[in-house]
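Chain order of the listed sequences is A and B. Using the working numbering, read the first sequence as starting at 1 and increasing by one per residue. Using the working numbering, read the second sequence as starting at 1 and increasing by one per residue.
Honestly, the hints are just simulated from the structure, not real lab data. Don't take each hint at face value.
[Stated by the list, open to error] Listed below are several chain A residues computed to face chain B (Cβ distance under 10 Å; list not exhaustive):
id, residue
1, L43
2, E103
3, G245
[Unchecked claim] Dumping the calculated BS3-like pairs for lysine-lysine here, alpha-carbon to alpha-carbon at most 25 Å:
id, chain 1, residue 1, chain 2, residue 2
4, A, K165, A, K250
5, A, K179, A, K165
6, A, K456, A, K467
7, B, K203, A, K45
8, B, K431, B, K75
9, A, K98, A, K165
10, B, K141, A, K45
11, A, K322, A, K456
12, A, K45, B, K22
We put the beta carbon where it would ideally sit given N, CA and C, even for glycine.
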Amino acid sequence: MPGTEALEILESLFDAEAWKTTSLLLRWGFLLLFASGVLRLALTKAPKIKQKKSASSLSLSGGWAWIWILGLMVILGRQASWQLLGRRETRFVEFMQKYDRREFNPAHRVRPGRIQDRYGQNLAVSAVTDSGVRRVYRFGSMFSHIVGYNHPVYGMTGLESAARKDLLGAGFGSPSDLKALGAELLDREKYAEGPTLKTTLDAGLQRRASELLGDRRGAVIVLEVPSGAVRCLVSHPSFDPNRLGQAQFKAASADAPFLNRALQGQYPPGSVFKILIAAAALDSGFQGTLDTPPNGFTTSASTPPIRDHGYYTAQERGRTWKGYGRIDLGTALAKSSNVFFAQLGVRVGADALNQTLRQSGLTSAHSIWGSDASTLKIRPVSGADLSDRRPYGLAQFSIGQGNLLMNPMQLALLSAGVANEGSVPMPKLVAGQPARGLGRLCSPESAEKLKWMMYKVVQEGTGRGIKMSDLAVAGKTGTAEVGEGRESHSWFAGFAPVSDPHWAFCVLVENGGYGSTAALPIARSLLRSGIDRGEFTP
Amino acid sequence: MSRKKTPSKKKRTAKAAAPAVKSPVSIRSILLLLLFGMMLVLGARVGGGEELAVFDLLPFALWMGSAVILVLFLKVGGYAGPPALPAAILMLSVVGVLVRSRMAGSVEGLQGWSLWIQPLGFVWMWGAWWLSRRNRLEAFKSLGSLFYALSLIVVIALVVLGTRFRGAMYGPGGLTPSELLKLFVPLALAGFFAGQQKKWKGKGFWNPPPFQFLVLGGGWILLCGLLVLQRDMGMVVLLSFMMMVMLVQVTHSWSWAVLSTAAMAGGGWLVWTFLSHGARRLEAWLDPFADPTGSGWQVLQGLSGLYAGGLAGTGIGEGEPDRLPIAASDFVYAVYGEELGFIGCVLLILLLAGLIKQCAMSSSRNPNAFSSLVAIGLTAQLAIQFFVNIAGVVTLLPVTGITLPYISQGGSSFWVASIQFGLLMGIGDLKKGH
């Protein structure tokens, strides 16, 4: 039978060593033959036919030819957007990685790029395993809240989620991207790893902050002024993104390790909030002094008086508190006088305070990645609605107590606003991103005054503990009461150096007691390591 | 030497209505194309660990035999239609036979009696050419109403006797008789328009000849209404588009295209609102990622195949079409794109452009209204089939269930397309004697 013979010849050919090269030649031969046939077809001119012109002569008019050709071109364009540029559609790549079982599909080797700190240290890298692409976090739990995780089962959080399109190489627009695109089309395996994302984070500083916080619950934030670049963002307790397990997500722990306290926590800001009250007062033209009676200040006979801290310490020691007397705003801030600020807040009024809070950008949610990201959002201030508050509520608000709840990032931004001539910068995570503003705290003149008042806090007030000979620091302590029988939250926020601020920071230690005892020493050590690394030398 | 001879030859052929022009693509190069493809398909199968049997060579042997015989018969019969039309059809058929035999190993392969679909299709093509050449088709000029009646009978028979499978209606024995509409309806419409060209000429949709317009509209609503009942939306789109092109050409007014486009958009909206089946397809089209494992699954698997193929493709026979549901019919283009890559797709699209150009030549060659209109209708219909199928795969349009002529699997559609090609070859072939 001729068929069997042909079969034998074919099989011996396919089994031969040279079949691989032969088949490659055949592939290109096929395409060449096809191409030459198609081109000859397309280039053939219609032969002219002699024909009597008849009234009934009908034919397809030229318009249809154009519609047809245009339609085919649109098809090819649409097809190319998937077949050649499919990498740019993140959801498409994710679909293929999850549901496409073609082993040779290069989408399976597409992996997010590295996330690096400002000095090129890898915070997150991709590893290709038999079961697919896995993310590895070299710093373990240290960056778990800001970098987050990307896990096949538990999904994505933090920067891993916010920047996933950039990490997969989805965004493009610049000429260098186009060049990369061309190279990628020819060898997709080689370009399977997405671009590296270099962040403004600082692994050394983050490690130091993490060590300083230790086992305590709390958060540490360092921002650069005026760019708003996030240098470190620590939230404790944290978790190891390399070892995620079902048990962690099920256990409802009071520690809430998955909560990003720095951005999402809700705490009474305590005295640190006096920065904003002072800013609003300065903007409204407040000058001069207010009396601070030893028995405190209240707005009606039925409400308990708001007193200064000195009243209680004196009472404990069996002495009488004489009060600060008539003092100005700077002294009141340095002493952190509740009696002064409660009066001041009531005097400035709900409308002006509301206005300051709103225009500083703290009452709306912003993602520190960008407006369209759903993660890394700064939780807006809660309990700040002053429209319908009685004077006593306003007095409580003015010393950062009552219903008012804020997070550490917002207090860091308040100090950054003072440091940055009154304008609050938008935190950013990528060096190349342009600096944006989040809002305005006060006028540059008010900010200049406030700056030196906060310096005075460190020089002679509650923040004396952070006074350094080689760095002019400005700051504000906070001791936020959280209810009977529980230790207060300890706050310290500030910036340095005063004359030309480079860092703005905020430290929170949950239930740490006085601001000057728990949070302030952490800030001091951080600044010290900054000095050691030459951060503040021009 | 030869230069001297040409003048006399030219003189002789000039008398004929259409001079015989050599095909720009020789049958030899088409056979070589098939041979290359065959080696690749079989080589991939052996590489995948399969044993070859004589049976595996049959589709290729049958194709080569029938193609050579067809070309021979056309030559002997003095084919003088659009010069490159047979070559374009054969090249398309090569792609078809390769893709279909490539899937023989998978579920929906080419087996048993289906081997004979292709050779018989070539016989029908030859027959249709013979029947319609030299203006013989004009004999059907006055039979428009008969063809319309036949169309109705087919549709009604399907409503009564048909069974539903995968959203389409099948007649007894798994045949899809609705395919016949692709022949009957253009003949019916051409018959309808041929006698009343003057009444329609220059008329926009705001001032059509009232009686004729009512007849046309009523007939269309009746037929398409029955088709909608069977949820055969693809056929409705196909026939409507064909009617639109014929109307534009008869009236010389593009206003009909505007009207029809608006009507189709409205129809699409109605389908979305009232047919759950249609709504699902539309939603999968608008955002396939909304339900990736449900309504978006098929489209996304097709696109995954395309992406896996990339620029140059995996190579014929090297892809994995069994990952794709209904790969052999609706989504055959995705299989082709996976294995031949974007380059192969560009070539196929160019081939389709050239093929339709050759088809369109038929209508301009024929001076008779009826034949011309049949050619216009068939050309428009083939073009829209190619377009709608491929556009569905690449998510330019929702998936309609229209197959890719000559490449998708299926006996009825292959034969009907063969007859359509045969008619187009014949309508453009007016040469008397040789």
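Item to check | Enumerated hints in conflict with the structure, sorted upward | outcome: 3, 4, 7 and 10
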